[in-house]
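Undergrad: From just these sequences and the hints, can you work out the full model?
If you count the sequence shown from 1, position 309 lands on 309 in full-length UniProt numbering, and the numbers rise without skipping.
Quick caveat, the hints were computed from the structure, so don't treat them as lab data.
Be aware that a few hints might be false.
[What the hints assert, rightly or not] Below, in silico cross-link-like pairs of lysine-lysine (DSS-like), each with a Cα-Cα straight-line distance of 30 Å or less: (1) K327 <-> K555; (2) K254 <-> K229; (3) K412 <-> K385; (4) K582 <-> K571; (5) K607 <-> K150; (6) K229 <-> K145; (7) K145 <-> K447; (8) K582 <-> K150; (9) K412 <-> K447; (10) K254 <-> K555.
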Amino acid sequence: MADQEEFVKSVEDGLRLSKRIYFGKDRAVAPPKQMTAMEKTAESYFPTSPMMYAVIENPAFVDNPDIPSYQPHVHGRCDPPALIPLQMNGVSIAADCYFDTAFITVTGSWRLHCVMSCRSCDCRIAVPMGEQGSILGVEIELPRKSYSTKLVAEDDEKENKKLVKIEDGCFLKPHIFTLTIPEIDGGTYISVTIRWSQKLLYRDDQFTLSIPYSFPVYVTPVGKKISKKEKIQFNVNCGPRAEVSCKAISHPLKELDDEDEKLGWFYEADVLNWSSSDVVITYKISSPNYHGSVLLQSPQQHDTDQRRMFSCYLFPGALECRKVFRKEVIFVVDISGSMKGKPIDDTKQALSVALSNLDSQDLFNIIAFNNEEYLFSSSLEVATKEAIDNAIQWIDMNFIAGGSTNILNPMKQAIGMLSNAGESMPIIFLVTDGAVEDERQICEFVKSHLTQNRTMCPRLYTFGIGLFCNHYFLRTLATMSRGHYDAAIDVESLQVRLERLFSRASSIILANIAFENLDGLEDLEVYPSQIPDLSSEGPVVLSGRYQGVFPEVLKAKGILADMSNFSVELKGFKSKAIPIHKARVKQQIEILTAQAWFTQNKDLEQKIAKMSIQDTVISEYTRMALVETEKVKVIKPTTKRKVHSDDEKIEERLVHKTILLHYLGFGFGNLTATIENIPPGAIKIEDEAAEIIAKATSNCFGKLCGLCCCCSCCIRTCSNMNHQCAIALTQCLGALGCLGCFTCCQYCCFEDYK
Numbered sequence: 001m002a003d004q005e006e007f008v009k010s011v012e013d014g015l016r017l018s019k020r021i022y023f024g025k026d027r028a029v030a031p032p033k034q035m036t037a038m039e040k041t042a043e044s045y046f047p048t049s050p051m052m053y054a055v056i057e058n059p060a061f062v063d064n065p066d067i068p069s070y071q072p073h074v075h076g077r078c079d080p081p082a083l084i085p086l087q088m089n090g091v092s093i094a095a096d097c098y099f100d101t102a103f104i105t106v107t108g109s110w111r112l113h114c115v116m117s118c119r120s121c122d123c124r125i126a127v128p129m130g131e132q133g134s135i136l137g138v139e140i141e142l143p144r145k146s147y148s149t150k151l152v153a154e155d156d157e158k159e160n161k162k163l164v165k166i167e168d169g170c171f172l173k174p175h176i177f178t179l180t181i182p183e184i185d186g187g188t189y190i191s192v193t194i195r196w197s198q199k200l201l202y203r204d205d206q207f208t209l210s211i212p213y214s215f216p217v218y219v220t221p222v223g224k225k226i227s228k229k230e231k232i233q234f235n236v237n238c239g240p241r242a243e244v245s246c247k248a249i250s251h252p253l254k255e256l257d258d259e260d261e262k263l264g265w266f267y268e269a270d271v272l273n274w275s276s277s278d279v280v281i282t283y284k285i286s287s288p289n290y291h292g293s294v295l296l297q298s299p300q301q302h303d304t305d306q307r308r309m310f311s312c313y314l315f316p317g318a319l320e321c322r323k324v325f326r327k328e329v330i331f332v333v334d335i336s337g338s339m340k341g342k343p344i345d346d347t348k349q350a351l352s353v354a355l356s357n358l359d360s361q362d363l364f365n366i367i368a369f370n371n372e373e374y375l376f377s378s379s380l381e382v383a384t385k386e387a388i389d390n391a392i393q394w395i396d397m398n399f400i401a402g403g404s405t406n407i408l409n410p411m412k413q414a415i416g417m418l419s420n421a422g423e424s425m426p427i428i429f430l431v432t433d434g435a436v437e438d439e440r441q442i443c444e445f446v447k448s449h450l451t452q453n454r455t456m457c458p459r460l461y462t463f464g465i466g467l468f469c470n471h472y473f474l475r476t477l478a479t480m481s482r483g484h485y486d487a488a489i490d491v492e493s494l495q496v497r498l499e500r501l502f503s504r505a506s507s508i509i510l511a512n513i514a515f516e517n518l519d520g521l522e523d524l525e526v527y528p529s530q531i532p533d534l535s536s537e538g539p540v541v542l543s544g545r546y547q548g549v550f551p552e553v554l555k556a557k558g559i560l561a562d563m564s565n566f567s568v569e570l571k572g573f574k575s576k577a578i579p580i581h582k583a584r585v586k587q588q589i590e591i592l593t594a595q596a597w598f599t600q601n602k603d604l605e606q607k608i609a610k611m612s613i614q615d616t617v618i619s620e621y622t623r624m625a626l627v628e629t630e631k632v633k634v635i636k637p638t639t640k641r642k643v644h645s646d647d648e649k650i651e652e653r654l655v656h657k658t659i660l661l662h663y664l665g666f667g668f669g670n671l672t673a674t675i676e677n678i679p680p681g682a683i684k685i686e687d688e689a690a691e692i693i694a695k696a697t698s699n700c701f702g703k704l705c706g707l708c709c710c711c712s713c714c715i716r717t718c719s720n721m722n723h724q725c726a727i728a729l730t731q732c733l734g735a736l737g738c739l740g741c742f743t744c745c746q747y748c749c750f751e752d753y754k
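TA: This is the structure in structure tokens:
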């Protein structure tokens with residue numbers, strides 16, 4: 001993650017610098033206003049829509065490329081570089097929704113309006129994404145150059161191994177991707193296309209798509225005659241025979257006619273100001289009961305896996321059918337030293353809410369752990385109001401961050417505490433922010449207890465905080481036990497996401513789901529292999545590959561909350577309208593990566609890398625690269641030798657240059673950070689002492705002047721000095737002058753001596 005505080009400071013400095021830009025004599029045109037003290041927060045400068053910034057190191061370059069202002073020269077440099085938001089001339093957004101996944105394409109046009117036409121600077125793109133967003137690609141078009149991103153294998157020797165600065169391609173926040181494009185001339189129009197995928201939120205049979213689309217006022221182009229065109233298109237396809245009805249739309253979209261199993265909405269207009277709110281669309285899939293179907297598709301020619309594809313989805317039905325399981329819940333919570341502060345405070349709040357939402361017939365217990373274990377009770381307690389109040393008081397007294405991390409012992413205690421009666425749903429919540437050395441041993445231990453003769457095996461709901469825990473270890477535990485995994489990479493989202501995971505586990509309505517008639521298929525592969533339980537908080541979506549003839553009707557069975565058997569027939573359809581592989585490949589890569597980590601299978605790692613490159617989905621075994629394509633004029637001599645240059649032809653060639661960007665994966669945990677109890681997101685490379693002093697001295701005068709060192713700023717600064725400071729500064733400058741004279745005398749004496 002990039003330095004968020006540095007980004008905020010850079011944008012503040014950029015808005016201050018933009019006051020230098022002269023926009024003509026029109027009084028209606030004014031430079032962007034900075035936020036007042038009441039409006040200003042750290043979050044206010046983070047992008048809430050696709051943005052582009054000019055990266056300014058030399059403030060003397062800042063000016064209107066069309067109307068030079070001839071302002072006084074600015075001495076000094078910006079450290080860190082200032083970020084001036086560029087004005088946007090047009091934007092279009094297209095969203096295609098398949099099941100629980102949406103693919104977003106944003107095309108925008110910006111102009112480098114703040115740099116002299118004879119100068120150039122880098123430009124940084126910032127892309128905020130929605131729920132569990134994953135960047136798929138960025139393309140940039142310039143007059144003589146173009147840039148695009150691609151994924152390459154980690155061990156690809158053909159690519160340029162030159163590393164770039166961290167800001168050139170990284171996540172500013174878990175949902176904000178940034179990319180820097182080098183050396184763009186002042187006044188240039190820049191066309192950018194950004195693609196990403198994200199999840200839809202599901203609640204009460206309704207899907208909600210929220211796309212970051214709130215633009216700040218200072219990206220609106222100055223001048224009344226500049227055209228500003230906005231276009232939004234939204235398509236949803238949930239397969240054949242699915243009735244989709246729109247419930248709410250944030251923008252004035254017009255519904256289009258149904259076409260090829262697809263329902264769409266469209267909006268296009270010339271606007272005075274850009275949108276100040278996100279695009280939010282809510283729609284419902286109508287059905288009176290449990291419903292679902294199976295989609296079948298043949299592989300494409302370029303696909304590395306030529307097996308046929310299928311995708312199966314199962315949705316919860318009407319509210320009156322949603323009786324939830326009685327639960328035995330054990331909360332296993334990390335209270336090591338790294339959880340100090342906001343992580344443990346938000347965890348306590350979320351846990352208190354989860355306890356309050358337990359039914360009176362549920363059983364529960366709490367195990368807090370660091371290098372030791374602390375139990376609320378020696379056995380499971382009935383979730384009475386008195387017991388819950390006592391538990392919340394116990395949490396306040398015992399959830400004190402300190403010590404190291406040991407996960408195996410509390411996991412053994414939790415599994416041993418669950419009963420084998422089979423009349424309730426056994427659930428273990430594991431919440432941690434650290435990595436441990438015996439993670440594979442923990443997985444083996446849990447796996448051995450899942451295979452025991454139980455009507456209902458324990459479900460593990462795992463939750464990772466920050467980037468120091470091994471998210472694939474937590475995903476492995478959840479996948480093998482029919483549970484769920486979630487994470488808060490950014491601590492700010494911890495409480496909301498943790499409460500959502502608790503809510504999902506508390507609303508299970510169908511368990512032990514299995515398919516009966518898939519035995520006739522060859523080379524069958526299902527993701528995930530252990531089918532998770534169906535909750536009223538979200539659908540079950542599976543995908544896979546197979547060879548052979550798929551049954552016309554897929555029979556699914558499970559157990560309801562009253563322990564009665566349930567079965568449903570899911571009809572198979574061949575559909576070309578829904579790209580099955582594209583919609584499910586991210587889930588497949590994540591499951592396979594967890595499997596590759598657990599089994600340490602190198603062949604599986606190579607398979608994941610091929611899938612990642614083919615479908616441009618970031619993985620742990622690939623890296624993103626920036627490809628520059630430049631049009632270069634080359635003189636091509638003819639076969640005849642003549643003196644005149646008329647016989648020489650000038651042709652344009654495309655020259656490609658590839659630069660690897662920084663690693664964008666989660667990684668597999670950080671044992672060192674866990675041992676040292678470093679809080680999530682707090683790790684930072686230490687500066688050398690000499691570097692710290694150099695930075696301090698170089699920034700000293702800049703801070704005094706507020707950024708620049710021009711004559712007016714120097715006069716303003718000197719006028720604010722008191723007498724003692726003025727005397728000290730005069731003496732210092734006089735001493736430096738004497739030192740200069742002494743050096744000159746030494747030089748003259750040395751010349752005379754020679």
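Undergrad: Out of the numbered hints, which ones does the structure contradict?
TA: Those not satisfied are hints 7 and 10.
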